[in-house]
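*Asks:* Read top to bottom, the protein sequences are chains A and B. Going by the working numbering, the residue at position 60 of the first sequence is 60; the numbering climbs one at a time, nothing skipped. For the working numbering, count along the second sequence from 1 and bump the result up by 327.
These are computed hints drawn from the structure, not numbers from a lab. Each residue gets a CB set at the ideal place from its N, CA and C atoms; glycine is no exception. You may find that some hints are simply not true.
Stated by the list, open to error - Straight-line C-alpha distance at most 27 Å; calculated DSS-like pairs for lysine-lysine:
1. B/476 to A/142
2. A/110 to A/142
3. B/348 to A/186
Unchecked claim - Here are the in silico distance ranges between beta carbons for each label pair:
4. A/96 to B/370: 16 to 24 Å
5. A/99 to B/379: 20 to 28 Å
6. A/142 to B/337: 26 to 34 Å
7. A/211 to B/512: 21 to 29 Å
8. B/518 to A/320: 49 to 57 Å
9. B/510 to A/210: 52 to 60 Å
10. B/400 to A/96: 48 to 56 Å
11. B/563 to A/99: 57 to 65 Å
12. B/538 to A/325: 37 to 45 Å
There are 2 protein chains.
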Amino acid sequence: MIRIGIIGYGNLGRGVECAIKQNADTELAAVFTRRDPQTVKVMTPGVPVVSVADVADWKDKIDVMIICGGSATDLPKQTPEYAKLFNVVDSFDTHARIPEHFANVDAAAKAAGKVALISCGWDPGMFSLNRLYANCILPDGKDYTFWGKGVSQGHSDAIRRVPGVKNGKQYTVPVEAALEAVRAGKDPELTTREKHTRECFVVLEEGADAAAVEQAIKTMPNYFADYDTTVHFISEEELARDHAGIPHGGFVIRTGKTGWNGENRHVIEYSLKLDSNPEFTSSVIVAYARAIARLSSEGVSGCKTVFDIAPAYLSPLSGDEIRAHLL
Amino acid sequence: MIRIGIIGYGNLGRGVECAIKQNADTELAAVFTRRDPQTVKVMTPGVPVVSVADVADWKDKIDVMIICGGSATDLPKQTPEYAKLFNVVDSFDTHARIPEHFANVDAAAKAAGKVALISCGWDPGMFSLNRLYANCILPDGKDYTFWGKGVSQGHSDAIRRVPGVKNGKQYTVPVEAALEAVRAGKDPELTTREKHTRECFVVLEEGADAAAVEQAIKTMPNYFADYDTTVHFISEEELARDHAGIPHGGFVIRTGKTGWNGENRHVIEYSLKLDSNPEFTSSVIVAYARAIARLSSEGVSGCKTVFDIAPAYLSPLSGDEIRAHLL
Numbered sequence: 001m002i003r004i005g006i007i008g009y010g011n012l013g014r015g016v017e018c019a020i021k022q023n024a025d026t027e028l029a030a031v032f033t034r035r036d037p038q039t040v041k042v043m044t045p046g047v048p049v050v051s052v053a054d055v056a057d058w059k060d061k062i063d064v065m066i067i068c069g070g071s072a073t074d075l076p077k078q079t080p081e082y083a084k085l086f087n088v089v090d091s092f093d094t095h096a097r098i099p100e101h102f103a104n105v106d107a108a109a110k111a112a113g114k115v116a117l118i119s120c121g122w123d124p125g126m127f128s129l130n131r132l133y134a135n136c137i138l139p140d141g142k143d144y145t146f147w148g149k150g151v152s153q154g155h156s157d158a159i160r161r162v163p164g165v166k167n168g169k170q171y172t173v174p175v176e177a178a179l180e181a182v183r184a185g186k187d188p189e190l191t192t193r194e195k196h197t198r199e200c201f202v203v204l205e206e207g208a209d210a211a212a213v214e215q216a217i218k219t220m221p222n223y224f225a226d227y228d229t230t231v232h233f234i235s236e237e238e239l240a241r242d243h244a245g246i247p248h249g250g251f252v253i254r255t256g257k258t259g260w261n262g263e264n265r266h267v268i269e270y271s272l273k274l275d276s277n278p279e280f281t282s283s284v285i286v287a288y289a290r291a292i293a294r295l296s297s298e299g300v301s302g303c304k305t306v307f308d309i310a311p312a313y314l315s316p317l318s319g320d321e322i323r324a325h326l327l
Numbered sequence: 328m329i330r331i332g333i334i335g336y337g338n339l340g341r342g343v344e345c346a347i348k349q350n351a352d353t354e355l356a357a358v359f360t361r362r363d364p365q366t367v368k369v370m371t372p373g374v375p376v377v378s379v380a381d382v383a384d385w386k387d388k389i390d391v392m393i394i395c396g397g398s399a400t401d402l403p404k405q406t407p408e409y410a411k412l413f414n415v416v417d418s419f420d421t422h423a424r425i426p427e428h429f430a431n432v433d434a435a436a437k438a439a440g441k442v443a444l445i446s447c448g449w450d451p452g453m454f455s456l457n458r459l460y461a462n463c464i465l466p467d468g469k470d471y472t473f474w475g476k477g478v479s480q481g482h483s484d485a486i487r488r489v490p491g492v493k494n495g496k497q498y499t500v501p502v503e504a505a506l507e508a509v510r511a512g513k514d515p516e517l518t519t520r521e522k523h524t525r526e527c528f529v530v531l532e533e534g535a536d537a538a539a540v541e542q543a544i545k546t547m548p549n550y551f552a553d554y555d556t557t558v559h560f561i562s563e564e565e566l567a568r569d570h571a572g573i574p575h576g577g578f579v580i581r582t583g584k585t586g587w588n589g590e591n592r593h594v595i596e597y598s599l600k601l602d603s604n605p606e607f608t609s610s611v612i613v614a615y616a617r618a619i620a621r622l623s624s625e626g627v628s629g630c631k632t633v634f635d636i637a638p639a640y641l642s643p644l645s646g647d648e649i650r651a652h653l654l
């Protein structure tokens, strides 16, 4: 059994707990929290909730620690810190800061003889893998990534900061015509506006000016100004009834040419359609936790990404079994 | 530079030659043939065509040998034989015989201190990888593979063996309604007939009985009897004009559930749309040849499959570069 710990019990931490239940060779050893452990109730019977202050006591009782903090401020500190004590996996997703995060985690993990995997999930994660494979197969080609339809947490937060907004949710929607042009091998150069639209569902505060709110959202720099944005005003009840989920997904497409004179065209497409973004991310993480436990048992140390892990390490099946049934 | 040799100069061998041209860190060292080398003309200037009888002379001049023989009779003999002299890659695609082929190649490669990669391409190959990743991420789920629209060489050959048929080509076509049911998460149980249709373009011999030919094709066991098959009679000119290509492709889909009670559904889909089946297969093979050359330089030996190769090994870029640009 692979003994897994969870640090941080939000949507992602709960998703990891669910994924552990689905994988017969993994077990949840403990959940660590910054809150008062008494106030945190986990779903798995008999699993202790422990203050993160006591995490060092679990050094020899956990094979892989999954760190479910946020990328903005938590993970840059947490992952290098906990890599001194545990094999760790995180889902660090600030693309621009990955090289720096990798270097910090690598130094800590190597010094401690631990293995760390950063930026695990679907983007970064499975989407990155598909970009890499497709680039290696079709060196003469062009990459496209589309996201959605799905909830963007950052954009939903931005809506909720607009004066007069009581609550809100934002969906990122890929533009079907752009997707079709890419799939048809037209190699389009797409602007931000041409790739995605943004759809907002907003609950107004009592007496708020709907037109002013809509204008404030649509012209917000970085978040909405560069997109065609639709704003729907709905009631708190409608928001709760129709928009409680956290769906997401997207498309990674590479088109490219082969042949002596580039005469043949090819399209490689990978897509995800997810009812629950955090649960899918967690499911990827737990599969990789298995790989990290194995690498550690082989004496490997240092920081890894999904690029560095041979696919067979993710599977509970033997090499013979995967060759016989999946090749 | 990675020095690559090609054994067998048919569609696949020519595709490998084209792929080598697209990859700046690879070069074609020589092409080996069972034919009279004088009769074989390759596209790359200055590359020798050598009798396969003299292949041992090239032992120290080739980093990876790509064996472009057929799976039925060539590869089961060739790959273990050449793995005694070279690091090798093949595209062995007889799924049922992979375990036996793996064992034979593994023994030969280990004894010689060489690395071999078998069953490389897209199915087996990229489709297998996607089945593995998706199975590891969604343990509670269901797999679907659809092929096409594309030319099946085996079925085209079967048509051409029917009395009265001068020439012919067969396309395997996935049933759109079945694909949609799978994507919609309906978990359908699909019969052979419900997954694919078969479309045949047939040139009759002078005076042949079209109705008898159509009947013979549609009722042919294994090849056509279990499918809804359409037969179109066309002229030799139309066949040459409209059906000269070797397109193919397909879809690997896994649907699955997550959540404490399986309450959330997910769809992972990988698809290929290929103008040239052999050139795409060759492009996958050359990316993996790079990986095999690297593994060999690290002292690895034995037989591998795509499951055993960490994705980063396929890329000409450094770890820093792929983390910065593709993660």
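*Asks:* Given a hinted range of 57 to 65 Å, is it respected by the beta-carbon distance of residue 563 of chain B and residue 99 of chain A?
*Replies:* holds (59 Å)
*Asks:* Verify the CB-CB distance for residue 96 of chain A and residue 370 of chain B against the hinted window 16 to 24 Å.
*Replies:* violated (43 Å)
*Asks:* So the hint says 37 to 45 Å: do the beta-carbon atoms of residue 538 of chain B and residue 325 of chain A match that?
*Replies:* Between residue 538 of chain B and residue 325 of chain A, where Cβ atoms are some 43 Å apart, the hint holds.
*Asks:* Checking one constraint from the list: CA of residue 476 of chain B to CA of residue 142 of chain A, max 27 Å. Satisfied?
*Replies:* Judged against 27 Å, a Cα distance of about 23 Å means the pair holds.
*Asks:* Using the Cβ atoms, figure out if residue 510 of chain B sits within 52 to 60 Å of residue 210 of chain A.
*Replies:* Check failed, 37 Å falls outside 52 to 60 Å.
*Asks:* Please test the hint of 26 to 34 Å on the beta carbon pair from residue 142 of chain A and residue 337 of chain B.
*Replies:* holds (30 Å)
*Asks:* So the hint says 21 to 29 Å: do the beta-carbon atoms of residue 211 of chain A and residue 512 of chain B match that?
*Replies:* violated (40 Å)
*Asks:* Taking 20 to 28 Å as the hint, is the beta-carbon distance of residue 99 of chain A and residue 379 of chain B inside that range?
*Replies:* For residue 379 of chain B against residue 99 of chain A, whose Cβ atoms are near 47 Å apart, the range 20 to 28 Å is violated.
*Asks:* Okay, residue 400 of chain B versus residue 96 of chain A on CB: inside 48 to 56 Å?
*Replies:* holds (54 Å)
*Asks:* For the pair residue 518 of chain B and residue 320 of chain A, does the Cβ-Cβ distance stay inside 49 to 57 Å?
*Replies:* Cβ of residue 518 of chain B to Cβ of residue 320 of chain A: about 30 Å, so the range 49 to 57 Å is violated.
*Asks:* Decide if the proposed pair is consistent with the structure: residue 348 of chain B and residue 186 of chain A, CA atoms, cutoff 27 Å inclusive.
*Replies:* holds (24 Å)
*Asks:* Is the hinted pair residue 110 of chain A and residue 142 of chain A satisfied, with a Cα-Cα distance of at most 27 Å?
*Replies:* Answer violated: residue 110 of chain A to residue 142 of chain A is near 36 Å, above 27 Å.
In this structure, the earlier hints numbered 2, 4, 5, 7, 8, 9 are contradicted, and the remaining ones agree with it.
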